[in-house]
Amino acid sequence: EDQVTQSPEALRLQEGESSSLNCSYTVSGLRGLFWYRQDPGKGPEFLFTLYSAGEEKEKERLKATLTKKESFLHITAPKPEDSATYLCAVQASSGSRLTFGEGTQLTVNP
Amino acid sequence: NAGVMQNPRHLVRRRGQEARLRCSPMKGHSHVYWYRQLPEEGLKFMVYLQKENIIDESGMPKERFSAEFPKEGPSILRIQQVVRGDSAAYFCASSPEGYQPQHFGDGTRLSIL
Numbered sequence: 001e002d003q004v005t006q007s008p009e010a011l012r013l014q015e016g017e018s019s020s021l022n023c024s025y026t027v028s029g030l031r032g033l034f035w036y037r038q039d040p041g042k043g044p045e046f047l048f049t050l051y052s053a054g055e056e057k058e059k060e061r062l063k064a065t066l067t068k069k070e071s072f073l074h075i076t077a078p079k080p081e082d083s084a085t086y087l088c089a090v091q092a093s094s095g096s097r098l099t100f101g102e103g104t105q106l107t108v109n110p
Numbered sequence: 111n112a113g114v115m116q117n118p119r120h121l122v123r124r125r126g127q128e129a130r131l132r133c134s135p136m137k138g139h140s141h142v143y144w145y146r147q148l149p150e151e152g153l154k155f156m157v158y159l160q161k162e163n164i165i166d167e168s169g170m171p172k173e174r175f176s177a178e179f180p181k182e183g184p185s186i187l188r189i190q191q192v193v194r195g196d197s198a199a200y201f202c203a204s205s206p207e208g209y210q211p212q213h214f215g216d217g218t219r220l221s222i223l
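These protein sequence lines are chains A and B, in that order. For the first sequence, our numbering gives the first residue as 1, with consecutive numbering after it. For the second sequence, our numbering gives the first residue as 111, with consecutive numbering after it.
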């Protein structure tokens, strides 16, 4: 069974204080690893897809990296508007369903 | 570019009633997925459909739940004889192909009285 574990559960940062979120996974043949952002009362918003170990993707202050066992979401000089829950999900090569972690709730204080 | 549209946004039902949740995928997307988010839990896959076909329903409860994606119109998630434990946020996602990123709607919050 595919599994995704995210840490920490919650993270508080000061504006400008860089940090990383972790996503550990086990999957029977990885097709892709996905990062989403979810704001309260909203659906997940797609951020990145990573397909193979060593791959990196960047978008504004966010950078996602992938190894064979985990992915990191690096947040550089965060701003209060980066506050949200960040979700990691894996898709196995055998199907199309996403298996999600429980998310990291990020709060960035001004 | 309209995103994934779900309605209603909020739905209140009494125990024993039926709930019908609708999802219109993004333009050009023919693959639809339903996920459920129970309070204090992560998103869990329920069902994956293409037009007129159920591809994977391995996450659907065996009883009372059904889903369809007809040739014309939105995808429908139907819950019969609702119980308190069905209270959750139900999210729909769509993609152009099954291996491409899924884009989510803002969900339907179902409350059971």
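Calculated directly from the structure, the hints in this document are not laboratory data. Mixed in with the good hints, there may be bad ones.
Computed, partial: chain B to chain A, Cβ under 8 Å [said to hold, decoys possible]: (1) Gly169; (2) Ala198; (3) Phe201.
Mimicking DSS-like on lysine-lysine, the simulated pairs with C-alpha atoms at most 30 Å apart in a straight line are [said to hold, decoys possible]: (4) B/Lys161 to A/Lys59; (5) B/Lys154 to A/Lys57; (6) B/Lys154 to B/Lys181; (7) B/Lys137 to A/Lys63; (8) A/Lys59 to B/Lys172; (9) B/Lys137 to B/Lys154; (10) A/Lys63 to A/Lys79; (11) A/Lys42 to A/Lys63; (12) A/Lys63 to B/Lys181; (13) A/Lys42 to A/Lys57; (14) B/Lys181 to A/Lys57; (15) B/Lys161 to B/Lys172; (16) B/Lys137 to B/Lys181; (17) A/Lys57 to A/Lys69; (18) B/Lys137 to A/Lys57; (19) B/Lys154 to A/Lys68; (20) A/Lys69 to B/Lys181; (21) A/Lys69 to B/Lys154; (22) A/Lys59 to A/Lys69; (23) A/Lys57 to A/Lys68; (24) A/Lys79 to A/Lys57; (25) B/Lys172 to A/Lys42; (26) B/Lys154 to B/Lys172; (27) A/Lys59 to B/Lys181; (28) B/Lys161 to B/Lys181; (29) A/Lys68 to B/Lys172; (30) A/Lys59 to A/Lys42; (31) B/Lys161 to B/Lys137; (32) A/Lys79 to A/Lys69; (33) A/Lys79 to A/Lys42; (34) A/Lys59 to A/Lys79.
Where a beta carbon is used, it is the ideal one built from N, C-alpha and C, also for glycine.
(Q) So, against the hints stated earlier in the document, which numbers end up violated here? (A) 2, 4, 8, 12, 14, 20, 27 and 29
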